[in-house]
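Participant: If you read the sequences in order, they're chains X and P.
Oh and the first sequence: position 247 is 1391 in our numbering, straight run, nothing missing.
Oh and the second sequence: position 16 is 555 in our numbering, straight run, nothing missing.
Among the hints, a few may not be true.
Said to hold, decoys possible - Stretches of chain P that chain X covers, calculated by requiring three or more beta carbons in the stretch to come under 8 Å of a beta carbon on chain X:
no.: 1; segment: 626-640
no.: 2; segment: 695-703
no.: 3; segment: 749-762
What the hints assert, rightly or not - One-sided excerpt, in silico: chain P residues whose CB lies under 8 Å from chain X:
no.: 4; residue: 791
no.: 5; residue: 795
no.: 6; residue: 799
Hints in this document: simulated from the structure, not taken from any laboratory.
For each residue, glycine too, the CB sits at the ideal point set by N, CA and C.
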Amino acid sequence: MIAYLSRRLLGLVPLLLGITLISFMVIHVAPGSPMDLLTDMNPDASPELRDRLAEHWGLDEPLPVQYAMWLKRVVVGDFGNSLSRDPRPVIDKVAEALPVTLVLNLMSLCLVMAAAIPIGVYSATHPYSRSDRVATVFVFLGFAMPTFWLALLCMMLFGVELAWLPVSGLQSLDYDSLGPWDKVLDRARHLVLPVSIAAITSLAGMSRYMRSSMLEVFRQDYVTTARAKGLSERVVVYRHALRNAMLPVITLLGLSVPGLIGGSVIFETIFAIPGMGRLFYNSVMGRDYTVVMGVLVIGAVLTLLGNLLADVSYAIADPRLRRR
Amino acid sequence: MSILSRIASNRLTMAGGVMVALLFAVAVLAPVISPYDPGAVNTQAILEAPSLAHPLGTDGIGRDVLSRMIYGARVSLMVGFVAVGIASLIGVLLGSTAGYFGGMIDAVIMRFVDVMLCFPSFFLILAVIAFLDASIWNIMVVIGLTSWMGVCRLVRAEFMALRSREFMLAAEGLGLPSLRIMLRHGLPNAMAPVFVAFILGVAGAILTESALSFLGIGVQPPDPSWGNILTEGKNTIEVAWWLSVCPGVAILLTVLAYNLLGEGLRDVLDPRLREG
């Protein structure tokens, strides 16, 4: 296991370098420089001042040198300060936004799994039945659904027409004056719409995946053996088949991390949730280069860690993999 | 059974195919079939509900929504096909190179794929588009540049399997140049999954474009796109439901059509993936 882990960790190094290189390039292919942002609107910005600023930030160095300088700071978590009106260090802003996105995605993942496993198992045990067909239709609709549109419709229906749920932010304005129980309730009410809408698209894919994974396992000899030795169908399905069918799902979860982080842009902007997606969107709109670069790198590194975590859990769950 | 009759025997695939064909027709014939000029402002008819004169109503400055939807179909079709065309080209080139040559070349290309897969693609697209500018060309190029990895992996796998087949070895034995072997002998045998990935990719690109336009960094008004019609619909949702319902339904049905067609083709073209 230790050998496996160290091999995997070593393999991360070139990937991390690649991630930083691409992030760096993305920002530097863009016309204009962060300096324009500060000096364009400022009549006092003489050419000499611009040169001094460029020298101060190392912008007069050749690109490879700039990359090396930037990388040296990034390695210790120093992404510089935000260029927006709120000039805190990038890392602080990310540290504030990241937990929000993580918690939201974790909650929606739990919801997805709680629904996808039963749906997938039912579809696989009753293939081509009426319910399986209904599930298939639902899956295709889920794949095709533009999340932002669904979010909009749900906001209208539950937020405005029925006025059951709040439609923006994570807490009410009077949050601080609420009692402890009401605080929990308030949070929960704010989370219902974003969490369930984030869940819907993954739900379609995941239940489909569970179905085919279960069908695959049903064809295996050990399932036939389990049936042949007279185990009840229940035990065969849940103890023998399901546990094996769940294995590839671990990998799928790892692979879905970038999609989840990327997707957070859409529903966090719609629901005004202060997470990574909205931070990124606002920074992109405000040309806040340092935050954009920071979030790009951190988002990619998170994906990398998500995949690593998935592979390691797979290796823990399935000893055959460790020996490879 | 031939491929065509297999497709015809699956009602869902057929439905998808017919819808895709219809969308093509609408996009191509847009100038002929749209009742109004999509940019024509009519201050006498602001936010009018659907009627005989305007089957899908009008928007905030009196433009005919049906005409804008029809031209929007053009945009999404173009974005879908050009973006996925770019992605397929990159994917096929890199994938066949990696799979055919193997070794170091393969290792380098596949690490590059791994790196690209780490980025939430929506983040990359957003960053590049915001820093360049949000023209429809930039959108197509950037979506293409960030979505070739799946095709690359598919083609690589096909080429690795093909490498040891007799006809490939024969071509090598004849001393044909590598490029010719790859393009003339390898590629035609690796195209089936690429074709399926292409159709499914178009669905994804259309969704991405509409999301970008909805966020205001895609196709810019006054050019119509389903995403930016929906943005206007968002602001007037309480008085003009048709402005948010029409584009949403159009996106949903279009993506659905491509997915149905793509999944159906996958079943037909690749018997290995057929479910039990």
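Participant: Each hint: holds or not?
Facilitator: Tested hints:
Only when three residues or more bring their CB closer than 8 Å to a CB of chain X does the claim for the segment 626-640 of chain P stand; here the count is 0, and the claim is violated. A stretch counts as covered by a chain when three or more of its residues have a beta carbon under 8 Å from one of that chain; for the segment 695-703 of chain P and chain X the count is 0, and the coverage is violated. Check result for the segment 749-762 of chain P against chain X: holds, 5 residues qualifying (beta carbon to beta carbon below 8 Å, three or more required). Because the beta carbon of residue 791 of chain P sits about 5 Å from the nearest beta carbon in chain X, less than 8 Å, this interface hint is met.
The restraint placing residue 795 of chain P at the interface with chain X holds, with a minimum CB-CB distance near 4 Å, inside the 8 Å limit. Interface hint at residue 799 of chain P: satisfied, since its Cβ lies 7 Å from the closest Cβ of chain X, which is below the 8 Å cut-off.
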